[in-house]
Structure formats: C-alpha cells, structure tokens
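Participant: Residue strings, one per chain:
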Amino acid sequence: MNGALVALIRRDLQLAYRRRGEMVTPLMFFIMVTALFPLGLDPEPMLLRTLAPGVIWVAALLAGLVGLESLFKSDYEDGSLELMVLCPVPLELVGLVRVLTHWLITGLPLVILAPLMGMLLSFPSSAMGTLLIGLLLGTPILSLLGAVGAALTVGLRRSGMLLPLLILPLAVPVLIFGARSAAMAVAGDDVSGPLYLLGAMLALALTLSPFAIAGGLRVSLEN
Amino acid sequence: MTTTDALSCEALEIWRGERRLCHGLSFRTEAGRALRLHGANGAGKTTLIRVLAGLSEPESGAVRWNDQILVEAGDGYRQSLAYLGHANGLKSNLTPVENLSAYVAMTGRPPAMSIADALARLGVGGVAERPCGSLSMGQQRRVALARLLLSRATLWLLDEPLTSLDAAGNELLVELIQAHVERRGIAIFATHQPLELANGVLHTITLGGAA
Amino acid sequence: MFTWFHKLASPPYFYKFAQNVAPWTGWITLLLLAAGLYGGLWLAPPDYQQGDGFRIIYIHVPSAWMSMSGYAFMAIAAGIGLIWRMKLASAVAAAAAPLGASFAFLALVTGSLWGKPMWGTYWVWDARLTSELILLFLYFGFMALNRAFSEQRTGDRASAILALVGLVNLPIIHYSVVWWNTLHQGPTVFVGTHSDISMRMLVPLLVMIAAFMLYFATFVMKRLQFEIIRRERSTAWIRELL
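Residue numbers (numbering that gives the first Met the number 0), protein chains in the order written: chain A, 0 to 222; chain B, 0 to 210; chain C, 0 to 241.
Please keep in mind that the hints were generated in silico from the structure rather than gathered at the bench.
Where a beta carbon is used, it is the ideal one built from N, C-alpha and C, also for glycine.
Any given hint could turn out to be false.
Said to hold, decoys possible - If you anchor each label on the Cβ, the simulated ranges turn out as follows: (1) B:Glu170 with C:Val167: 52 to 60 Å; (2) A:Asn1 with B:Ser91: 26 to 34 Å; (3) B:Thr162 with A:Leu92: 30 to 38 Å; (4) C:Lys15 with B:Met136: 49 to 57 Å; (5) B:Phe26 with C:Arg84: 18 to 26 Å; (6) C:Leu30 with A:Leu207: 40 to 48 Å; (7) C:Arg84 with B:Val96: 37 to 45 Å; (8) A:Gly159 with B:Gly73: 33 to 41 Å.
Said to hold, decoys possible - Every beta carbon over 10 Å from chain B, so not counted as near; a handful from chain A, in silico: (9) Leu14; (10) Pro37; (11) Gly66; (12) Met160; (13) Leu203.
Please build the complete structure, drawing on both the sequences and the hints.
Facilitator: The following block contains the structure:
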C-alpha cells in the first residue's frame, strides 16, 4: 500500500507539473489583491502597518478559493475518480494526498511570498516570523476545508458560486487566530496562544477532514 | 483464480431520480461465465453496473460477492474487480505508459503482463509515449482496455466497452473476454450492440421493458 | 417503544402523526407565547440600567438559543439520515434548516434593534451578533447544497456531511469570535452579566424559550409534511392522499 501511495503522490505531482501554468494563478491573485489595498486605501505607512495582518490573511484565504473547484473536477470528469474509489488504498488517504500536493504547489509558494507582500505593506520585519508560522499552520487548514467543499460539489456543473458560501464561514476561526497572531506580534504581545490554537486546529483538520473529503467524493460519485 | 467466485444479486431495486429502473432483479454469475446487460438508452445499464461495482447503492436488495454483501467484502472485492466505466479514467496530460503505471501501482499488485505488452496486444503500442489527450477516442478506449490485461482481477465490469472501437477493436475485445472467461474469470458488460461469445458461456439480461 | 419509533420513521405513518399532533403543539405554543409576552412586557419590572429597552431579550434570547440548538438538531438529523440511510431523518433536516435560519435572522434583527439604544448604532462587532451572522451563513450553505443536486438523495447526503463539519466547527467558531471580541474590549451589555436577575424577569424568559421550542417543533412537523409530499410525490400513497 505504501507503493500505491507513492505512486499517487508521484502522479499528482506529475500532473501538477504538466499544468504548472494553472498553479501560478492563485499566487498572482494573492499578489494582486494585496497590492490593491494600498491603492484603495491610503498609502500611509502607519495605516498599512495596522491593516497588513488582516489584508495578507484575507488575501491568502481568497487565493485559496481560486481554482479550488478544479481540485477533483478532472478526476470526476475523466473517470479517474471511480478508479481511485475502487483501488485498495483508502479514499481518505487518496484525498489527503491530493490536498497535500495541492498545498505544496499553491499554498507553500504563497507562504514564501508573504514576507515580500508584508514589506510592501510596511509590515515590521520583527513580526515576520509570526506571520510565517501562522501562515504555515493556517493555510493547510484552509486547503483541507476547501477540499471538503470541492469534494461535496464536484458533481455540480456550477460549483464555483457555491464553494465560497460553503467554505468561508468554516474558515472564520483560522482567519481570526491567524490575523490576530500577526497583529499581536506587531504590538509586541505574546503570540503563543493563537499559534498553539492554530496548531490544534491543524491537527483536528488533518484527522477529521479526510473522512469528510472521502464521504463527499463517494456521495458525488453516486449521482 | 479460484473456481468458486461468484457475483449474485438479490431482489435489486434501483431508482434514478423519480424513475424506478428495476425491481426484484436477481441473478447469479459464476466463474467461467459472462453476462451481457442489454437495454435501450436510459434503461439503467450504467446505473446497474455502478451498483454492481459498489459505486452506487440500490434502493433495496443486495449485491453479494462470494456470498458476502459488498460492504463486508470491501477490499477483497475491490482487489477482485476491474472496472471500466463510461469514461476512460485516463489523464489527458499523461502518456498511456504513465497512466497505466500509476494504475498498476494503485492496485498494489504486480501486473499480469508488462505495460508494453498490454499496449501492444491492444494495438496501441505505437502511441505509448504520446499524451493521451492527443490520441483518438478509439485509441484512448484501447488504452483503457489495456488495464484489464494488467490487472489480475477475476471480475470484469465493463460499461459500453465497445464505444468508439472499430470493427477490429470489437473482435479484439470479444477475444479478450472469451479468453478471460475461459480462464475461469467473470465478465459482466453493458452494451446495446450485439456481442457474441462461443461455447454458450454468455447469458443476457434485458433491462427496462417499460422504460 | 422501539417498534413505535420504527413505525414513526415511515413517511406515511409520520405524515398522519404530524397531522394529528401539530395542531395541539400549535395551540400550546400560542398559549405559552401569550403568557410569556404578558409576563415579559407587563409583569417584569424595567431594568435598572436599560429601562424598558431590555424587554427585547424576550424575543432575542429565545431566537438566538433556538438558532444554535436548531443547527445541532438539524445536523444530527442529517447525520442519522446519512449514516443509517433513514429517509425521514434527511427530510427532517431539510425541513428544519429554513426555520433555524429564520431564528438566526430574527436574533440578528432584534440584536441590532437592541443595539441602537444601547450602543447608539445598529451594528457593533459584538461576539454574539458576529456568531449569529456566521451561523446564518452556515444555514444558507446547508440549504443551498441540499437543493443543488438533481437527485434529492445526493443533496441530502452531501449537505449532511457539510452540516456535520459545521457542527464540529461551530464551537470553534464561537470560541474564536468570543476571544477576538474580548481583545477589543467592545461594549458588551447582555443578560447573564447581572448575577441578580430577578425571578420576575427570568420566568417569562424561560416561558418564551419553551414557546419558541414548541413553535420550532410545530413548524418542523408542518414543513416536514410538505417535504414528504415533495419527496414521495411519485409513490402510490401520496397520489391517493392528494
């Protein structure tokens, strides 16, 4: 079964590599949204500095929705999903592998890019570490939640409209703890509390969401 | 392959939306037999194949593999099953070789023959290194059928396997099914086209008298 | 008891059961509502800080309470329908969702009406109001997904998974919002902060909560009858009934 998992990971990475153009879109979206705020507001450094944690986190949250509906779509349409359900590897693991490769390709570059966007928003470098750790813990949760929504709506022709409605309310705690921890770091407060909570939420999401993802895929296939 | 494998259905009742596709459907297919599901478009062939594969659930009744209901048979059933759906299950960005090697790895068992041999047997050896998206529909169907040769499954569940195949492809598929059944395998396929096997191994069920 | 429960789960039987029971719970709801409102609006003394303005809690608190417990009720019913393939339970969840959503909406409206005299503005990012807002969107998501599929069975199962994810998430959302709110030292004026709430204030509130629960039960049954007709419209017993 380990061999099967490795094969799955390799295939997902292979596929992502063949379509690397699409993978850049969420990243571009993230940069654009962050850059729009100084234009829409006032480029006053003190104001930007106050808003930066919220802006970066909201932009990351929205960037996670870009292209989310295609997470399982092609597998659903070309019949690969049926084969994945019928293979001896548990569907929960198959889903988890897909989410992790998706995060490696779209989430991780976003985290790496975040300090740069922070600098554009006058985010102090002393708090950059907290922002990075927060995003490292938080964006996988967003990917897992997003995958639940993508799995539930993969059978729908127009899932793009429905997905944000399903996902965003569930993502509120991640946004709150993530953005707050960064803001607290700017103010020089102790940030261990919200970061631990983000870590706990990541553990919870890693253990529970694969079941919801697999359940969603099975339900979608029944249609 | 053991000689006792059997797939049976008891009093299946299947609905799709507000239409009842079948009720009280019972049959049993044993090793060394083939079953053809016949019926007009919309009669429920695809849905029945999916129920047999365990992808959908019947409204009532049960499907049993070796007298175990599918949910309990679980992994054992999935290992004995090779399924070919409406769609080919091929990634258009990957080549036939890449697609099939991912499939082999996912089944977790050594293939029954090499991928190159399987592709050659189905007459698509020449396009093994081209992305599947650039192949014709018939070639893609042949690549998908190559999975049957690679898997060691006893039970083949095929949904409209003749789709997009030319005359030579039809004959080839008939040969493959005949050979599989003679090795004590089971083949169940849905098709509205005529497909005959030798030695009286083929049974037919007609679905949806009043669709 | 178990056979009775089993019988109740069959749609035709439940349809008749609701037909007989709903009028009774409906009348009791009306009586309780009248008693609770009389107690709350006339008998209870004005609050020493808020004057008569506090009386909106007799609508606000029960609806907030019902919107939260209604979500749990809906998610559990949907989960039963998902796991034990019980059609009636899925129909119960689908019938309860719009009711729960309207309670959340009512809690939002009364909350902001209350906010105007208390805080001088209709909306502040108070923990409870924010939680209610997110809860309302959770209801909307469930309702949208439940009706999104051409096969009702698929919609039931997909939305049940969503409701269960929401049920796990709901305490986390609530806690995170409360934590976020306390950081801002926002104005929080709410019942329960008074430890010496008078019995003459409390009893009508409890009566109102009971009335809202019965209201919920009554209208779940009535809506469920429509759900059953909609879902079973191609069966013989519905054709006979109509």
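Participant: If a hint holds in the structure, say so; if it does not, say that too.
Facilitator: To see whether the hints hold, each was checked on the structure:
1. B:Glu170 with C:Val167: 52 to 60 Å: Roughly 56 Å apart at Cβ, these two residues keep to the hinted range, so it holds.
2. A:Asn1 with B:Ser91: 26 to 34 Å: Between Asn1 (chain A) and Ser91 (chain B), where Cβ atoms are some 28 Å apart, the hint holds.
3. B:Thr162 with A:Leu92: 30 to 38 Å: The hint (30 to 38 Å, Cβ to Cβ) holds, given that Thr162 (chain B) and Leu92 (chain A) are roughly 32 Å apart.
4. C:Lys15 with B:Met136: 49 to 57 Å: 55 Å, holds
5. B:Phe26 with C:Arg84: 18 to 26 Å: 24 Å, holds
6. C:Leu30 with A:Leu207: 40 to 48 Å: 44 Å, holds
7. C:Arg84 with B:Val96: 37 to 45 Å: Holds, at about 42 Å.
8. A:Gly159 with B:Gly73: 33 to 41 Å: 35 Å, holds
9. Leu14: 6 Å, violated
10. Pro37: 39 Å, holds
11. Gly66: 16 Å, holds
12. Met160: Consistent with the label, Met160 (chain A) stays out of reach of chain B, its closest Cβ about 23 Å off (over 10 Å).
13. Leu203: 27 Å, holds
The structure is inconsistent with hint 9 alone, although it conforms to all the rest.
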